[in-house]
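Enquirer: In the working numbering, the protein residues as written are 391 to 841.
Just so you know, not all the hints are guaranteed correct.
[As the list claims (entries may be wrong)] BS3-like, lysine-lysine: derived pairs with alpha carbons at most 27 Å apart:
#1 Lys511 x Lys418
#2 Lys748 x Lys787
#3 Lys744 x Lys418
#4 Lys680 x Lys511
#5 Lys680 x Lys748
#6 Lys680 x Lys608
#7 Lys792 x Lys418
#8 Lys608 x Lys511
[Stated by the list, open to error] Derived CB-CB ranges, DEER-like:
#9 Asp830 x Pro740: 50 to 60 Å
#10 Asp678 x Gly449: 49 to 59 Å
#11 Val778 x Glu798: 26 to 36 Å
#12 Asp796 x Ile439: 28 to 38 Å
#13 Asp796 x Glu686: 11 to 21 Å
#14 Gly539 x Met784: 21 to 31 Å
#15 Ile439 x Asp821: 28 to 38 Å
#16 Asp796 x Arg833: 27 to 37 Å
#17 Glu676 x Arg747: 16 to 26 Å
#18 Asp796 x Gly642: 21 to 31 Å
#19 Thr733 x Pro412: 34 to 44 Å
#20 Ala780 x Gly728: 19 to 29 Å
#21 Gly728 x Pro793: 13 to 23 Å
#22 Arg747 x Pro451: 47 to 57 Å
No lab work stands behind these hints, which were simulated from the structure alone. Glycine is no exception: its CB is placed at the ideal position from the N, C-alpha and C atoms.
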Amino acid sequence: MPLTRALAEFVAQTGFDGIPSPAIARAKQHILDGLGCALAGSLDPATVILRGHVKEYGGRPQAVLIGTAGRGSIVDAALVNGVATHVLDYDDVDWVLSGHPTAVLLPTILALGEHVRASGKDLLAAYILGFEVLCRVGRADNPSHYQIGWHATATLGCLGAAGAAGKLLGMTGAELEMAFGLTASHSSGLRENFGTMTKSYHAGKAARDGMASALLVKGGFTAAPRILEASWGFCRVLARESNPELAEKGLGDSFAVDSPGASIKPYPSCAGTHPAIDAMLALAEENDLKPAEVDEIDCATDRQALDMLIYPEASTGLQGKFSMHYCLASALHRREVGLRQFTDEAVGDPRIQKTMRKVVLRAASEFDAGYINKCPAVVTVRTTSGRVYARQEMLPKGDPEKPLADDELRRKYEMCAGFILPEARVQALRDAILHLEVLDDTRELTELLQP
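Please build the complete structure, drawing on both the sequences and the hints.
Expert: Here is the structure:
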C-alpha cells in the first residue's frame with residue numbers, strides 16, 4: 391500500500407482502545423513535560439511578541455493562550471503555544487524524527503481539542519497517532535532530509551499535526567490523505583535559523599499549518615493523495631535519499647512514542663550538547679575542577695553535533711543553546727545547566743567567555759558509523775598542572791535507554807510550571823494529565839493552563 395494511504399488509514403482506523411498501555415503512559419509523560427515547557431516558555435520574548443501580534447491581528451477568541459488569561463483563534467493558539475513549548479529548547483527530542491514532536495503535537499491537540507470538546511482519550515489517541523506519522527516519515531527521509539539543512543520539527547511536524555488534527559476531527563482515511571497532501575506544501579523550516587527566535591516559530595508554524603490543512607480538507611479542499619511517495623512528492627523532493635517503503639514496515643506492531651521512544655531533556659539546550667554536558671558535569675564534580683586550573687577542554691563528538699552547534703563564539707542566550715563551547719564552559723563554572731544559564735547576561739559573563747576559548751570541538755572518527763547516533767562525546771580536561779581527566783558518554787541523560795527518574799521528571803515539570811501557576815494549580819494540572827483518560831472535556835484541562 392502507498393505510504394500516504396497506509397498512514398492515513400492507520401490514523402483513521404486506530405482508536406484509544408487499540409493503543410497499548412505502555413504507549414499511553416509514555417505519552418502522558420511527554421504531554422506533562424511539554425506543558426511545563428510551554429508554561430515557562432510563555433514568558434519568553436518570542437512568545438510575548440507573537441501574543442501581541444495575535445491580539446492585534448488575530449481572529450476569534452476560541453482557545454487558550456497558555457500561561458495567560460488571553461485567548462486566540464484555534465490556529466493562532468496553535469502557533470503561539472507551539473512557540474511557547476519550544477522556545478526554551480527544553481522540550482523533548484526524537485532521534486528518528488531528528489526534531490521535537492511534542493512542541494508541534496501538544497499545541498495542536500489542545501487548541502483543536504478545546505474547540506471540538508474532545509475527551510482525554512481523544513487527546514491521547516491524537517497525540518500518539520500524530521507522533522507515529524512524524525516518526526514514520528522521519529524513518530523514510532532521515533538522515534538525508536536533516537543533513538541537507540531542513541529543520542524536521544517544521545517540515546515533518548506539519549504532517550504529524552495534520553494527522554493529530556484529523557483524528558480529532560474524525561476524518562476518514564481518504565480525507566487524511568488529502569490533509570497530508572495539503573500540509574506538505576507548508577513544509578519548510580531551515581536549520582540556519584537555529585539560535586534565533588525563528589527556530590521556535592518553526593514548531594508553532596507546523597502546528598498551525600497542519601491543523602489548518604485538516605480543517606480545510608474537512609471543508610472540501612483538495613490536494614494530491616499520494617504526496618509522500620510520489621515522484622514529485624515529499625520524500626523524493628526533500629531528501630537526497632529516501633525510502634518510503636521502510637516507513638510502512640511494521641506499522642501498528644508498536645508505537646513510536648514508546649518504542650523506540652523520545653528523550654525528555656534535563657538541560658534547556660540543543661540535544662547535541664547533552665552527552666558532553668553529562669560528561670563535563672561529572673568531571674567537574676568528581677575531581678573538584680576549578681576553572682582557573684583548566685588549560686584546555688577537548689570535546690570529541692559526532693559529525694551531527696558539529697553540524698547543529700554553530701556558535702563557537704556565542705553571545706546571546708539563544709546562541710548559547712547551540713554552542714558546545716558555552717555549554718561546557720558554563721557546566722564547568724556553575725556545575726549546573728538550567729534555565730538561568732541561558733540568558734544573554736549569563737552567556738556574556740567575561741569569565742565564561744574566557745573559558746569558552748579553551749574549548750576545542752572536533753569530530754571523532756569512532757563516532758562516524760552513523761549520522762543519527764545521539765551525539766556521543768568524549769570530554770577531556772587538561773589542567774595547568776599537567777593532569778588529564780576524561781569521560782565518555784554514549785547516550786544523553788533522558789534518553790529512553792537512560793531515562794530520567796520519576797522524581798526528576800516531576801521536579802522539572804514543577805519548576806517550569808511554577809513560573810506561572812500557583813502550587814495548587816501546578817499539582818491539579820499534573821493530576822489531570824496522570825489521569826487524562828478519564829477527562830470528559832478538554833476545556834477542563836485548558837482552564838488549568840491559565841494563572
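Enquirer: Decide, hint by hint, whether the structure agrees.
Expert: Hint-by-hint comparison with the structure:
Proximity of Lys511 to Lys418 is assessed by CA-CA distance (about 11 Å); at most 27 Å being required, the pair is judged to hold. A distance of roughly 25 Å separates the Cα atoms of Lys748 and Lys787; the hinted pair therefore holds under the 27 Å criterion. Of the pairs offered as hints, the one joining Lys744 and Lys418 is violated, with about 42 Å between alpha carbons and a cut-off of 27 Å exceeded. As the CA atoms of Lys680 and Lys511 are separated by approximately 52 Å, the hinted pair breaks the 27 Å bound.
For the hint pairing Lys680 with Lys748, the CA-to-CA distance comes to about 14 Å; that is within 27 Å, so the pair holds. In summary, the hint linking Lys680 to Lys608 is not supported, as the alpha carbons are separated by about 61 Å, beyond the 27 Å threshold. At roughly 18 Å between alpha-carbon atoms, Lys792 and Lys418 fall within 27 Å of each other, so this suggested pair holds. For the proposed pair Lys608 and Lys511, the alpha carbon gap of about 22 Å is at most 27 Å, so the pair holds.
At about 56 Å, the CB distance of Asp830 to Pro740 agrees with the hint of 50 to 60 Å. Judged by the Cβ atoms, the range 49 to 59 Å given for Asp678 and Gly449 holds: they are separated by roughly 57 Å. At about 31 Å, the CB distance of Val778 to Glu798 agrees with the hint of 26 to 36 Å. In this structure the hint that Asp796 and Ile439 lie 28 to 38 Å apart at CB holds, the actual value being about 36 Å.
Judged by the Cβ atoms, the range 11 to 21 Å given for Asp796 and Glu686 is violated: they are separated by roughly 38 Å. Here the CB-CB span from Gly539 to Met784 is close to 27 Å, well matched to the stated 21 to 31 Å. Restraint check, Ile439 to Asp821: a C-beta distance of roughly 33 Å satisfies the suggested window 28 to 38 Å. Between Asp796 and Arg833, the C-beta spacing of about 29 Å keeps the proposed range 27 to 37 Å intact.
For Glu676 paired with Arg747, a C-beta distance near 24 Å keeps the hint of 16 to 26 Å intact. Between Asp796 and Gly642 the beta carbon distance is about 29 Å. The supplied range of 21 to 31 Å therefore holds. Evaluation of the 34 to 44 Å hint for Thr733 and Pro412 yields a pass: the beta carbon distance comes to about 38 Å. The hint said 19 to 29 Å for the Cβ distance between Ala780 and Gly728, and at roughly 25 Å that hint holds.
Under the hint 13 to 23 Å, the C-beta atoms of Gly728 and Pro793, about 19 Å apart, fit the expected range. As the Cβ distance of Arg747 to Pro451 is approximately 50 Å, the hint placing it in 47 to 57 Å holds.
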